[in-house]
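K.L.:
If you want the building blocks of each chain, they are given just below.
There are 2 protein chains.
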Amino acid sequence: MATLIFPEHPSPVADAEALKKAFHGWGTNEKAIISILAHRNAVQRKLIRKAYEDMYAEDLVKRLESELSGDFEKAIYRWIMDPEDRDAVLLNVAIKHKPTPDYRVIVEFSTIYSPEELLAVKRAYQKRFKHSLEEDVARHTTGDLRKLLVAFASPYKYAGGEIDVKLAKSEADMLEDIVKEKALNHEEIIRIITTRSNAQIVATLNNYKDNNGTAITKHLKDDPANEYLAALLTAIRCINDPRKYYEKVLRNALNKSGTDEDALTRVIVTRAEKDLKDIKEVYYKRNSVALDHAIAKETSSHYKSFLLALLGKED
Amino acid sequence: MATLIFPEHPSPVADAEALKKAFHGWGTNEKAIISILAHRNAVQRKLIRKAYEDMYAEDLVKRLESELSGDFEKAIYRWIMDPEDRDAVLLNVAIKHKPTPDYRVIVEFSTIYSPEELLAVKRAYQKRFKHSLEEDVARHTTGDLRKLLVAFASPYKYAGGEIDVKLAKSEADMLEDIVKEKALNHEEIIRIITTRSNAQIVATLNNYKDNNGTAITKHLKDDPANEYLAALLTAIRCINDPRKYYEKVLRNALNKSGTDEDALTRVIVTRAEKDLKDIKEVYYKRNSVALDHAIAKETSSHYKSFLLALLGKED
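Protein sequences, first through last, are from chains F and U. Under the working numbering, think of the first position of the first sequence as 11, with each following residue one higher. Under the working numbering, think of the first position of the second sequence as 11, with each following residue one higher.
These aren't lab readings, by the way, just hints derived from the structure by calculation. Here the structure is a predicted model, which is why all the values come from computation and not from measurement. Wrong hints could be hidden among the right ones.
Where chains are identical, the list cannot tell them apart; a pair therefore holds if satisfied intra-copy or between any two copies.
Stated by the list, open to error - Calculated cross-link-like contacts (lysine-lysine; reagent style DSSO-like; alpha-carbon spacing at most 30 Å):
#, residue 1, residue 2
1, Lys157, Lys307
2, Lys60, Lys30
3, Lys137, Lys157
4, Lys157, Lys176
5, Lys284, Lys137
6, Lys314, Lys179
7, Lys192, Lys137
8, Lys31, Lys179
9, Lys179, Lys140
10, Lys176, Lys84
11, Lys219, Lys140
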């Protein structure tokens with residue numbers, strides 16, 4: 011379930027006017043901006059952008075960028091765009107991340123988004139960057155990591171729930187052999203994880219667990235220096251349980267000395283209209299602390315207010 | 011340009027009735043079937059199927075299968091289905107081809123179809139076979155051929171016409187080095203050919219030709235035993251000039267002792283509503299024989315009449 015609280019039929023014209031007023035004069039009224047934008051769903055935000063452009067012949071996104079700054083600006087920017095546009099931008103930033111691409115975002119979107127959602131993001135990516143996503147991923151990566159990430163970014167996966175039990179068994183055996191031989195960059199692992207449907211992969215991983223008494227993740231040693239392996243582990247976590255995965259991203263982002271605002275913003279902004287309520291529950295269960303409290307402790311000012319509003323805090 | 015000749019507003023009900031009549035009694039009236047179906051476009055054929063089903067509570071496709079036989083039956087079957095369904099079936103047959111998959115169909119569709127057309131076929135494939143195309147390609151291939159074919163079947167390519175001239179130059183140099191080192195299964199070749207937009211690949215290949223005085227195809231030795239290389243060459247031909255490629259498929263199909271009806275039917279049926287007229291022109295230029303005549307010479311009976319009708323022969 012989502013956390014976003016929004017009225018049913020707000021007036022885009024009134025919202026555009028209120029935003030214009032918030033930009034007016036000395037300083038910006040961030041509180042007013044939050045009280046509107048943090049309580050509108052994606053369609054409503056799109057209508058506000060349109061009304062604002064029509065009424066003031068000015069691009070709302072650009073105006074917000076010039077009015078705001080820091081993590082708050084970044085968060086608002088990620089929130090005000092169309093979701094598929096925003097995700098395309100997040101992917102492009104991840105691909106161009108130095109010194110090496112940030113595989114997390116690529117793996118996260120490729121494995122957790124439905125094939126249709128991912129396709130919408132890929133369309134937006136092409137429109138904006140005049141290249142395909144897979145093309146840019148391939149261009150900016152090398153070696154085993156490239157093989158894996160291109161294979162994640164490319165397919166149009168099957169999203170059906172049917173499971174081939176025999177196949178799950180045979181591919182679990184295949185994975186077992188590969189793990190035994192420590193050939194962890196084996197093309198069959200990549201094939202199974204990147205082309206099979208998520209339901210089929212979960213069946214295969216469960217089979218593996220049943221046969222071995224432990225999950226395959228325990229057999230893939232987490233070595234931060236080995237980005238290929240780290241990406242593979244991330245993918246398995248995402249496929250196995252997206253909410254648990256997001257909880258971990260949030261936990262790491264908040265526990266890091268110096269908070270990882272990019273990761274924090276990404277999860278809140280991309281999940282507020284989807285399953286952030288469930289992620290909050292998983293977070294509480296794991297940390298015995300409410301996600302809102304943890305975020306309030308590690309962030310400040312308008313950025314904090316904005317995230318908490320997206321998390322469902324009533325004004 | 012297309013070759014198909016069809017009336018603007020035929021009556022699906024009258025067509026369904028005429029087909030029913032053609033099935034009636036002793037023997038089938040193949041001529042009547044051809045006179046209708048070979049002169050209806052994809053939407054019109056769909057409406058006939060629907061009308062027939064509504065009127066006679068019978069699946070027209072199945073009925074046709076039971077009434078007809080041989081190459082004619084196969085051709086009608088490929089023609090009466092929705093194009094994306096037909097292509098999904100053609101791909102599935104190609105993937106399951108023994109002893110090894112028929113890479114031609116996979117490469118042809120992946121490189122010549124627009125990204126949106128290919129996506130429609132992939133959707134139809136999943137609906138029909140409950141697996142993704144890439145999943146099945148990966149499952150039924152091995153080695154370098156697998157790498158190449160999965161990489162063709164997977165991406166959602168960029169279809170825009172923009173060309174990055176600097177990139178074309180640098181990737182042409184890259185290809186040159188790879189050809190010199192005879193490392194023809196190099197991952198960079200696969201990356202360039204399978205992820206770059208067709209316009210970009212053509213620019214790169216032209217660059218290669220300018221630098222080397224010969225096309226890269228001359229440097230990739232055509233070795234029928236090396237299916238990977240054969241598939242790569244097929245792809246380059248498809249991307250460089252689809253019409254020339256189709257001409258060659260037709261020429262080989264017709265010149266073969268024992269005619270390759272599957273290839274012949276595939277090209278006629280998949281291109282009759284697209285660019286078969288242009289392919290005919292290329293064929294005539296290359297062979298000094300009209301395609302219609304060549305086909306008339308190598309085929310017979312209803313199969314012949316049907317193909318010629320699709321090729322634009324007036325009744």
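K.L.:
If a hint holds in the structure, say so; if it doesn't, say that too.
P.N.:
Outcome of the hint check:
no.: 1; hint: Lys157 x Lys307; in the structure: neither (40 Å within a copy, 49 Å between copies)
no.: 2; hint: Lys60 x Lys30; in the structure: within (13 Å within a copy, 55 Å between copies)
no.: 3; hint: Lys137 x Lys157; in the structure: both (25 Å within a copy, 28 Å between copies)
no.: 4; hint: Lys157 x Lys176; in the structure: both (27 Å within a copy, 25 Å between copies)
no.: 5; hint: Lys284 x Lys137; in the structure: both (25 Å within a copy, 26 Å between copies)
no.: 6; hint: Lys314 x Lys179; in the structure: neither (47 Å within a copy, 49 Å between copies)
no.: 7; hint: Lys192 x Lys137; in the structure: neither (41 Å within a copy, 37 Å between copies)
no.: 8; hint: Lys31 x Lys179; in the structure: neither (62 Å within a copy, 52 Å between copies)
no.: 9; hint: Lys179 x Lys140; in the structure: between (42 Å within a copy, 18 Å between copies)
no.: 10; hint: Lys176 x Lys84; in the structure: neither (48 Å within a copy, 33 Å between copies)
no.: 11; hint: Lys219 x Lys140; in the structure: between (43 Å within a copy, 25 Å between copies)
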